[in-house]
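Participant: Please build the complete structure, drawing on both the sequences and the hints.
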Amino acid sequence: MSAPIAYVLFLSFAVFCFGACGFLIRKNALSLLICLELMLSGVNMAFVGFSRLHQNEGGNVLYFLVITVAACESAIGLALILNFFRLKKSVRLDEARALEG
Amino acid sequence: MVETFLSNPDFIKWAFFAGKILLLFGLAFGVVAPVMIWVERRVAGLIQDRYGPNRVGPFGLLQSLADGIKLLLKEDLRPTEIRPVFYLLAPILSVIPAAMAFAVIPFGPPTTLGGLLPTPMRLQIAELNVGLVYVLAISSLSVYAIALAGWASNNKFSVLGSLRASAQMISYELAAGLAIVSVILLSGSVDLMAIAQSQTEMWNIFPGFLAFLVFLPAIFAETNRTPFDLPEAEAELVVGYHTEYSGIKFGLFFLAEYVNMATVSALCILFFFGGWEFLPWLSWEKIGVDLNTFWFIPTIWFFTKIAAFLFFFVWVRWTLPRFRYDQLMSIGWKTLIPIALLNILITTTYLVFEKAS
Amino acid sequence: MLQQSLFIIMAALVLLTAGLVAFRPRPIESAMWLILNFFFTAGLYVLLGSHFVAVIQILVYAGAIMVLFVFVILLLNLDPKELGDETSLHWSSVVMFVGMLSFLLLILHVAGPQTLEPMEGLLPDSKFGSVEALAQKLLTDYVWGFELAGVILLLAIVGVGMLAYRKPKPKTPKFLDHQERPV
Amino acid sequence: MFLSEYLGVAVLLILGLLAGCGAVAAAWLFGAKRYYPNKTSAYECGIPSEGAENERFSVRFYLVAVSFILFDIETIFLVPWALGFRGFLDNGHGLYIWTVGLVFLAVLTLGLVYEWRKGLLDWNT
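Going down the list, the protein sequences come from chains A, B, C and D. Numbering-wise (the working numbering), the first sequence opens with residue 1 and increments by one. Numbering-wise (the working numbering), the second sequence opens with residue 1 and increments by one. Numbering-wise (the working numbering), the third sequence opens with residue 1 and increments by one. Numbering-wise (the working numbering), the fourth sequence opens with residue 1 and increments by one.
No lab work stands behind these hints, which were simulated from the structure alone. Fair warning: there could be bad hints in the mix.
Unchecked claim - Computed, partial: chain A to chain D, Cβ under 8 Å:
id, residue
1, Ile67
2, Thr68
3, Val69
4, Ala71
5, Ala75
Stated by the list, open to error - Keeping only pairs whose Cα atoms sit at most 25 Å apart, straight-line, the calculated DSS-like set for lysine-lysine is:
id, chain 1, residue 1, chain 2, residue 2
6, A, Lys88, A, Lys27
7, A, Lys89, A, Lys27
8, B, Lys20, B, Lys305
9, B, Lys74, D, Lys33
10, D, Lys33, B, Lys334
11, B, Lys305, B, Lys286
12, C, Lys127, C, Lys137
13, B, Lys355, C, Lys137
14, B, Lys70, D, Lys33
Stated by the list, open to error - Facing chain C, from chain B, some residues (calculated, C-beta under 8 Å):
id, residue
15, Gly26
16, Leu27
17, Leu128
Quick reminder that beta carbons are idealized off the backbone N, C-alpha and C, glycines included.
Facilitator: Here's what the structure looks like:
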């Protein structure tokens, strides 16, 4: 007898909302990527919750694939941040003004 | 009234559970750490043809107790320009993974403690069926303590030392993970109790010798022991990441290192040296030891193997020279990982074509 | 009943740490809170019965990805003025947050009340959540996902190789002493 | 039912936490606190430290951490494959599971060779 699926879904959506809000209001690149990881972790919760609901391992396998994408994405993202830092000597996103008209 | 209290199965189950925890926690933190400090200094004396500590107590046995009290009472020095929260968090973060790592280590076959327990129960604190992956996960957490310790003390030497120590631990953890994959191939299970029980006839070290060749240097590097302890070397980096720590905070790092050493040597014995089996082809049943009455013999044999392995750690420390840092990293990435991948290839091909024939 | 209360506690802790991650200004603090969040999420997965996924959550998220974040934060070693710590908490984001949550309540209402009953328990011998069951599913139905994950990892390795690595300029001149150097 | 397995882990976590915090608190309680400037400055073998406090370090450490993540996920995928290997072997799909695993290993060994040839793993600095 585990918790109802509604609780799991509500929790995963709330964690996703926290990640999205953090993503929108942060001004430095590192916290941006950290909030992105939070959003991905929220999505994973929904996968595992549905996998438990239908007692089918598909959700857990998808969890694995999302983890692979999350790791590759944060690796490339941090490589970009390092290059951005090498250029602008700071990770403040206000510095990224090159494309402004 | 007392017999009914003692004999109802719930009480016995919880008493057995608490007994296991107290035994392992007491052994790891109360016995292994102080005795290892004493053994290390005595064996160093033995190898360098001099006496180790022999003033405090008989044969210097109380030396580590004296060291412990000294560390406790030393001045709680706190440099000014540190980051206080992470400075204090780092030693605590180094002890927690060390304490959690031996939760899944079985130290004996399932027994009824000579009739005391109603049903044969496992001599394992947490009977996780994902035990092996749990151990990998917890050992990957000990990198945080080192990274934070260096960064929080805000001292050039300690930051460089902590970056180097964590980079070394990371790359050797990878080699250990790949070696463990071939152990899973050989033993066919992820549960540590099943791995130990699968080695009654043939120990894993014979078919999986290459994996052992990869796993041994990996566990030396993971506990920052010689010949892989450059980041902590006094000469090069002024004791590396725990330069600014003194007193018991410095002691906590070493307590965690010794407990990790015991856990890692227990793992190596479980993976390759048949856990609590007597000898490669002579398991306890073959010799005729009746495990119902003498249930404690395999456990004691398992702990003597761990003691032998810890002696091997200390012996290597005082004989081998230290690696230079680029040699150390190139060994980790350019020799151990390719050998581990090759070993997986060989094991699978052997299993498939041995089955086919 | 114990499961429900444990689930509520774990969910509250997950939400608390998620909020701290989003709204704490300094990146090292939000990284630390995120590690704690991953631990509580792993505890949640244990309550949901998938043990292997819970251990992988600790091994990969808390043990590998966050190590990279902590490394970069230590490596860059920024002082606060370069970090741009202040967060622009604008009222629009609060409205958006509340909108998202109320949107979810609407869905749950439409999806029907049966989502509120507890999920039925696992059969005693069901191997759900263990490594064997996952291996069976991963290697039969999702084999292409298994192979493509390898390809994605290879792409990431090549991408990082291109982005982050510059050939170090050879400090020593290429000419040995006995060779003559161009004027 | 299955939660009691994790009780051991939780108890050990709490014991580890108590040991750590207890030791630090005991040191704070018992230790003397006579601070004066040259004792509490950063340790530089006695000479006053010069040079920027936080000058940058080489990107080499970042590259090690990235390759660690990507190959750690390879280990994660290899664990279920290694475990399911015997099951497939017994019911006759030995060659199938062998090729699946070998393709995955080949792709990632290609990644390792790429890193090796490009010089990401050299530590000559």
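Participant: Decide, hint by hint, whether the structure agrees.
Facilitator: How the hints compare with the structure:
1. Look at Ile67 (chain A): its Cβ gets to within about 7 Å of chain D, closer than 8 Å, so that hint holds up.
2. At its closest, the beta carbon of Thr68 (chain A) sits 6 Å from a beta carbon of chain D; the interface hint therefore holds under the 8 Å criterion.
3. The restraint placing Val69 (chain A) at the interface with chain D is violated, with a minimum CB-CB distance near 10 Å, outside the 8 Å limit.
4. Hint status for Ala71 (chain A): holds, given a least beta-carbon distance of 5 Å to chain D, under 8 Å.
5. Interface restraint check: Ala75 (chain A) against chain D, minimum CB-CB distance 5 Å, threshold 8 Å, status holds.
6. For the hint linking Lys88 (chain A) to Lys27 (chain A), the alpha-carbon distance of about 15 Å falls within 25 Å, and the restraint holds.
7. A distance of roughly 15 Å separates the Cα atoms of Lys89 (chain A) and Lys27 (chain A); the hinted pair therefore holds under the 25 Å criterion.
8. Taking the CA atoms of Lys20 (chain B) and Lys305 (chain B), the gap is near 19 Å; set against the 25 Å cutoff, the hint holds.
9. The suggested pairing of Lys74 (chain B) with Lys33 (chain D) holds, with an alpha-carbon distance near 10 Å, which does not exceed 25 Å.
10. Taking the CA atoms of Lys33 (chain D) and Lys334 (chain B), the gap is near 49 Å; set against the 25 Å cutoff, the hint is violated.
11. Under the criterion of a C-alpha separation no larger than 25 Å, the hint pairing Lys305 (chain B) with Lys286 (chain B) is consistent with the structure, at around 20 Å.
12. The hinted pair formed by Lys127 (chain C) and Lys137 (chain C) meets the criterion: a straight-line CA distance of about 12 Å does not exceed 25 Å.
13. As the CA atoms of Lys355 (chain B) and Lys137 (chain C) are separated by approximately 23 Å, the hinted pair is consistent with the 25 Å bound.
14. A hinted pair counts as satisfied when its Cα atoms are at most 25 Å apart, and Lys70 (chain B) with Lys33 (chain D) qualifies at roughly 16 Å.
15. At about 26 Å, the closest approach between the beta carbon of Gly26 (chain B) and any beta carbon in chain C exceeds 8 Å, and the interface hint on this residue is violated.
16. Because the closest C-beta pair between Leu27 (chain B) and chain C is about 25 Å apart, greater than 8 Å, the hint is violated.
17. For Leu128 (chain B), the suggested interface contact is upheld, since its CB lies about 7 Å from the closest CB of chain C, less than 8 Å.
Of the numbered hints given earlier, the model fails hints 3, 10, 15, 16; all others are met.
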